[in-house]
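K.L.:
Once you have looked at the hints, place chain B on chain A.
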Amino acid sequence: SQTIHQWPATLVQPVGSPLSLECTVEGTSNPNLYWYRQAAGRGLQLLFYSVGIGQISSEVPQNLSASRPQDRQFILSSKKLLLSDSGFYLCAWRGPATNEKLFFGSGTQLSVL
Amino acid sequence: LAKITQPISMDSYEGQEVNITCSHNNIATNDYITWYQQFPSQGPRFIIQGYKTKVTNEVASLFIPADRKSSTLSLPRVSLSDTAVYYCLVGVLTGGFKTIFGAGTRLFVKA
Chain A
182 SQTIHQWPAT LVQPVGSPLS LECTVEGTSN PNLYWYRQAA GRGLQLLFYS
232 VGIGQISSEV PQNLSASRPQ DRQFILSSKK LLLSDSGFYL CAWRGPATNE
282 KLFFGSGTQL SVL
Chain B
70 LAKITQPISM DSYEGQEVNI TCSHNNIATN DYITWYQQFP SQGPRFIIQG
120 YKTKVTNEVA SLFIPADRKS STLSLPRVSL SDTAVYYCLV GVLTGGFKTI
170 FGAGTRLFVK A
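First to last, the sequence lines map onto chains A and B.
Per my numbering, residue 182 is the first one in the first sequence, and the count goes up by one each step.
Per my numbering, residue 70 is the first one in the second sequence, and the count goes up by one each step.
Isolated chain A, as found in the complex:
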């Protein structure tokens, strides 16, 4: 069966510090991968999605970047965090077919102070 792992669960970082969040998927090949962010009490904002290794599409211009160095690995990064980067970050995957469901990781609660 497929599983998705996301870490860390919580993170407190000072403003201006770097960020690296990692997500890995097991039990499937060539998944579509996604990074979402959710501010407190708000909906899900799509940040990045990837249909294959090295293929990244950005939805929101900001100081975040994403990379997909391996088929089942998706990394969210920042060189310098801003206060506005605080939020709940979720990684998700789905298969390639039209009616595939999204499966989410457990999320990372990031607080930038």
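These aren't lab readings, by the way, just hints derived from the structure by calculation.
Quick caveat: nothing in here was measured; it's all calculated off a predicted structure.
From the three backbone atoms N, C-alpha and C, an ideal C-beta is built for every residue, glycine too.
Don't take every hint at face value.
Listed below are the simulated SDA-like cross-link pairs for lysine to any residue, each with C-alpha atoms no more than 25 Å apart in a straight line [what the hints assert, rightly or not]:
#  : chain 1 : residue 1 : chain 2 : residue 2
1  : B       : K123      : A       : F284
2  : A       : K282      : B       : A172
3  : B       : K179      : B       : S150
4  : B       : K179      : B       : P109
5  : A       : K282      : B       : K179
6  : A       : K282      : B       : S110
7  : B       : K72       : A       : L227
8  : A       : K261      : A       : S238
9  : B       : K72       : A       : Q243
10 : B       : K123      : B       : N94
11 : B       : K179      : B       : F115
Here are some chain B residues the structure puts well away from chain A; computed CB gaps all over 10 Å [stated by the list, open to error]:
#  : residue
12 : P76
13 : M79
14 : D80
15 : S81
16 : E83
17 : S92
18 : T122
19 : T125
20 : F132
21 : A135
22 : V178
23 : K179
24 : A180
Label pairs and their calculated CB-CB ranges [claimed, not checked]:
#  : chain 1 : residue 1 : chain 2 : residue 2 : range
25 : A       : Q183      : B       : K138      : 25 to 35 Å
26 : B       : N126      : A       : R223      : 23 to 33 Å
27 : B       : K72       : A       : N211      : 28 to 38 Å
P.N.:
Just chain B now, with coordinates in the frame of chain A:
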């Protein structure tokens, strides 16, 4: 991509049936309609998906009229544990496999 509109919040009581309607006027021919449930500090989880007419599973029913411009999620006999945010998601295979969520409906079930 289809523009999604759903109520911001709804209140209900235990044991009642709850219906949440989602409007997606410019849904594309290939789009499926999918509903997710999210509890605080957790990722959303799949509830139900449909393309047309009616779909039913062990937790919900999904009603889709012939024009597919709206859909209604029906939760039978809700309990306190159904208090959550419910997202309607339309549109999957659109070039870059984007999957964009609406704002969601916050359902609060009272005793």
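K.L.:
Now tell me, hint by hint, if it's right for this structure.
P.N.:
Hints, one by one, checked against the model:
As the CA atoms of K123 (chain B) and F284 (chain A) are separated by approximately 23 Å, the hinted pair is consistent with the 25 Å bound. For the hint pairing K282 (chain A) with A172 (chain B), the CA-to-CA distance comes to about 18 Å; that is within 25 Å, so the pair holds. A hinted pair counts as satisfied when its Cα atoms are at most 25 Å apart, and K179 (chain B) with S150 (chain B) qualifies at roughly 10 Å. The hinted pair formed by K179 (chain B) and P109 (chain B) meets the criterion: a straight-line CA distance of about 17 Å does not exceed 25 Å.
Proposed proximity of K282 (chain A) and K179 (chain B) is contradicted: the alpha carbons are some 30 Å apart, above 25 Å. Distance restraint check for K282 (chain A) and S110 (chain B): the Cα-Cα separation of roughly 20 Å lies within the 25 Å cut-off, and the hinted pair is therefore satisfied. For a cut-off of 25 Å, the pair hint linking K72 (chain B) to L227 (chain A) stands: about 15 Å separates their Cα positions. Only pairs whose Cα atoms come within 25 Å are accepted, and K261 (chain A) paired with S238 (chain A) is accepted, the gap being roughly 21 Å.
With a CA separation close to 24 Å, the supplied pair K72 (chain B) and Q243 (chain A) stays within the 25 Å bound. Under the criterion of a C-alpha separation no larger than 25 Å, the hint pairing K123 (chain B) with N94 (chain B) is consistent with the structure, at around 18 Å. Proximity of K179 (chain B) to F115 (chain B) is assessed by CA-CA distance (about 23 Å); at most 25 Å being required, the pair is judged to hold. With 10 Å as the threshold on Cβ separation, the claim that P76 (chain B) sits away from chain A holds: the shortest Cβ distance comes to roughly 13 Å.
Against chain A, the non-interface label of M79 (chain B) holds: every CB pair exceeds 10 Å, the least being about 16 Å. The beta carbon of D80 (chain B) is kept farther than 10 Å from every beta carbon of chain A, the shortest such distance being approximately 17 Å. Listed as a non-interface residue, S81 (chain B) keeps its Cβ farther than 10 Å from every Cβ of chain A; the least gap is roughly 20 Å. Distance check on E83 (chain B): its Cβ is at least 24 Å (rounded) from any Cβ of chain A, clearing the 10 Å threshold; non-interface status holds.
Distance check on S92 (chain B): its Cβ is at least 16 Å (rounded) from any Cβ of chain A, clearing the 10 Å threshold; non-interface status holds. The Cβ of T122 (chain B) sits about 15 Å from the closest Cβ of chain A, beyond the 10 Å cut-off, so the non-interface label holds. Distance check on T125 (chain B): its Cβ is at least 17 Å (rounded) from any Cβ of chain A, clearing the 10 Å threshold; non-interface status holds. With a least beta-carbon separation of about 18 Å from chain A, F132 (chain B) lies farther than 10 Å from that chain, consistent with its non-interface assignment.
For A135 (chain B), the condition that its CB be more than 10 Å from all CB atoms of chain A holds, with the nearest at approximately 19 Å. No Cβ of chain A comes within 10 Å of the Cβ of V178 (chain B); the nearest lies about 18 Å off, and the non-interface call holds. With a minimum CB-CB distance of about 20 Å to chain A, K179 (chain B) clears the 10 Å threshold, and the non-interface call stands. Against the 10 Å criterion, A180 (chain B) stays outside the reach of chain A, whose nearest CB is about 23 Å from its own CB.
At about 33 Å, the beta-carbon gap between Q183 (chain A) and K138 (chain B) stays in the expected band of 25 to 35 Å. The given range of 23 to 33 Å is respected by N126 (chain B) and R223 (chain A), whose C-beta atoms sit roughly 28 Å from each other. At roughly 30 Å, the beta carbons of K72 (chain B) and N211 (chain A) sit within the given window of 28 to 38 Å.
Of the numbered hints listed earlier, the single one contradicted by the structure is hint 5.
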